[in-house]
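Colleague: Chain by chain, the residues:
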Amino acid sequence: MTLDILTQIIASGLTLGAMYAVSTVGLSLVWGSLGMLNLAHGGLMAFGGYSAYYAMGALGLPLPAGLLAAILMGGLLGALTYHGAVRFMLRQKAFETNVVIATVGLAFVLENAVLKLFGAQAQRQPLQVEGAIQVGNVVVPLQNILILATALLLMLLVALLLKKSRIGRAVRATAMNREAAQLMGVRVGQIYALVLMLAGALAAVSGVMISSLTGLSPGMGADPMLKAFIICVVAGLGNVYGAVSAALALGLIEALAQFVLGVRFGFATLLLIVIVVLIWRPNGLFGRQQVTRL
Amino acid sequence: MSNKLKEKLEKAATIGRRELFNRGVVVAGGSAAILAGLNGEAKAEGEPIPVGQATPLTGFAAADGIEFQNGLNLACEEINAMGGILGRPLEPYFEDTKEMGDATNIQAVQRLIDRHGVYAILNGYNVGSGTAIQEVIADAGIIYVHYDTTIGHNNLIKSNPERYYGSFQADPAEYWYGPGYLKFMQQLEEQGKWKRANNKMAIITSAGVYSINIANALKETGKDYGWEVSLFETVNVPISEWGPTLAKIRQDPPGAIAITHFYPQDLAQFMVQFVPNPTPSLIYMQYGPTLPAFREVGKEAVNGVLFATVVGCLQDEIGRAFEKRYKEKFGANAGHMSGGQTFDGAYVWAIAAALAGGPGEQGNDEQNRKVATRMNQLIYRGVNGTTRFIPNENAAYTYPTQTNDSSLGMPHLFLQHQDYTKEPALIAPAPYGVGEFILPPWINA
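If you read the sequences in order, they're chains A and B. All letters in the first sequence, in the order written, are residues 1 to 294 by our numbering. All letters in the second sequence, in the order written, are residues 1001 to 1445 by our numbering.
The reader is advised that the hints may include incorrect statements.
From the structure, some residues in chain B lie toward chain A, with a derived Cβ separation under 10 Å [stated by the list, open to error]:
1. G1117
2. I1204
3. S1206
4. A1207
5. G1208
6. V1209
7. P1244
8. Y1263
9. N1277
10. P1280
11. G1298
12. A1334
Hints in this document: simulated from the structure, not taken from any laboratory. Since the structure is predicted, the reported quantities are computational estimates derived from the model, not experimental observations. Cβ coordinates follow ideal geometry from the N, Cα and C atoms, glycine included.
Isolated chain A (complex conformation) (with noise of 0.2 Å):
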């Protein structure tokens, strides 16, 4: 192998790792502060996407309004998860099964009201950064780059907010023990519809962004969200940081499998590992017997 090849494939890993990363963040802090598999997490993601091209592309906006657009766009739909669907079920026994169902039928949703108001035909997400970086004879593009620096910046504002502030204190209580919380004051309710809110946000930087590589299409969230997935499960239920990491890390893997044993081995390799990470630690590489998931 040379030093070309090694590049490339270290850059196709660090791309893709990137892409699962920045489609992570948001599922793994919902599931690890609700409890809450959050299937519609593709949806949102397209609806983010979308949002910023109709911001920039439709009503000629500049950059920093079109992704404005999508956070807002994310954080109103997670809103509406909350109020529409997800309060009515928070006392019901079997909640973390319940709300899987309602958010498969929120993908639907999701998904058709997109094809709807956008039509069928993919389209190319208006921001783009030009230009690239020559390593060797590997270029590797800007966007890439700027995928992966929005993945760990994400990872470090939801880090800072979990850890530094009010709200952040409030969620972590919440994901340790819900009744607790509330009884010690935490208005559970609102802490759900905050996340939920800000997981949505998320969601819909992480759609800009993977968009700008692969295109919009109505469906374009099922795929990173699969992989997230099974990111969240190899990392740990909930543990942003260890989802952030093991997306790369899985990113790297895949690239390398890909290479060396063929592209349809790639997302094969990844759920060899994830069937070995769930034998060798039930909890994933970063989880903890305890439901300290944050």
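Please arrange chain B on chain A, whose structure you already have, making use of the hints.
Modeller: Positioned in the frame of chain A, the structure of chain B alone reads:
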């Protein structure tokens, strides 16, 4: 032939241009005049004929599915303006096949049959096995026209032509992409328009039956044209990061790269990542680049890409007129290349039904066999060129690989993106080609 039908055919031969114009025939073009002639003075005021379409209106292929719906709607509208089928208007119904698994496809078709009592199913493509819907059709005794583009259809019909008499694939099987492309490259070399850098060919496919059949056809017949396969890579879809595949290509640069995966966004990403560090390879893709999304996502990186489709709207008088009508009705960005498929499919069936004295309802085996016989005898010139069916395979002939007469086969179109801001140039086959092949910028440089 009944006296009544004889009279109608005689009338068709003498119908005046004004009458044709009044009925929208001059607008529709092609073989549509036959239908207007058969209809004579009749207006579409009789009992409606329900027709159905099971198509992916949602899911990953919705972009095509919506165009298939548009194509059938436009055909029904125009046919009804000509008097329908012998005075009976067509009434289209649609069912969503979503992700297009066989189970979903069959249920959708069964609903059209049970709920709406359709006389015919007039589909675009569904990417299931391509051999499941035919069973439902055979049991219901109706006619089925589709554009699944699969050799599986030909083999199924051949296995029992008596049972599957009513199922027709109105375009050639995907297999023909392989030999057709190899022949095309040979012609480029013979004409001195391109010289291969070496005899190596990289074939990249995805896991679907359609893509794999094309890739295998290239692999099997490539050696007859002096090619050796240096890379045969199967990718998972969707795929946006092509780095590992490109690393293999750059490690052993081939003279030609053929990609048989067909998602336009994925193909556009391949070009975006290939162009900064290219190899001197002729790049060929199929189907995906015909869709607007390919140019939309890839921009200038797509300039120079060759691509083909065994069914596509021609850039001639009939094709252009259809494109104009289609875009006027469905918007400037509407994909007439996909819509043209179901548009032609509807006409093929409608003309055959009129020639047979009318379509047959479910279970009217005798009448529908007459319709099927007429379809097999028909040579229809539509927006996609000629539709003529192979006996006992009920699939369209491809030109020039299967027949060297352009009036007897559907043209296997070769196009090239030469300027991403414009429509691609149709460069072959003669006499349909309107542009010239140009060397891709990465080879020219």
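Colleague: Does each hint fit the structure? Answer for all of them.
Modeller: Hints and how they fare:
With a cut of 10 Å, the hint placing G1117(B) at the interface with chain A is violated, because the nearest CB-to-CB distance is about 28 Å. Contact between I1204(B) and chain A, as hinted, is supported at the beta carbon level, the nearest pair being about 8 Å apart and thus within 10 Å. The restraint placing S1206(B) at the interface with chain A holds, with a minimum CB-CB distance near 9 Å, inside the 10 Å limit. At a threshold of 10 Å, the smallest CB-CB gap from A1207(B) to chain A is about 7 Å, leaving the interface hint in force.
Below 10 Å, beta-carbon pairs count as interface contacts, and G1208(B) has none with chain A, the closest being about 12 Å; its hint is therefore violated. A distance limit of 10 Å between C-beta atoms decides the matter here; for V1209(B) the minimum to chain A is near 15 Å, and the interface restraint is violated. Taking 10 Å as the C-beta cut-off, the interface hint given for P1244(B) holds, the closest approach to chain A being about 4 Å. Hint on Y1263(B) holds. Least Cβ distance to chain A is approximately 8 Å, under the 10 Å limit.
This hint holds: N1277(B) has a C-beta 6 Å from the nearest C-beta of chain A, less than the 10 Å allowed. Checking P1280(B) against chain A by beta carbon gives a least distance of about 15 Å; that is not within 10 Å, so the hint is violated. Given hint, G1298(B) at the interface with chain A, holds; its Cβ is 9 Å from that chain's nearest Cβ, closer than 10 Å. Among the interface hints, the one on A1334(B) holds; its C-beta lies about 9 Å from the nearest C-beta in chain A, closer than the 10 Å criterion.
Hint compliance for this structure: hints 1, 5, 6, 10 are broken, all remaining hints hold.
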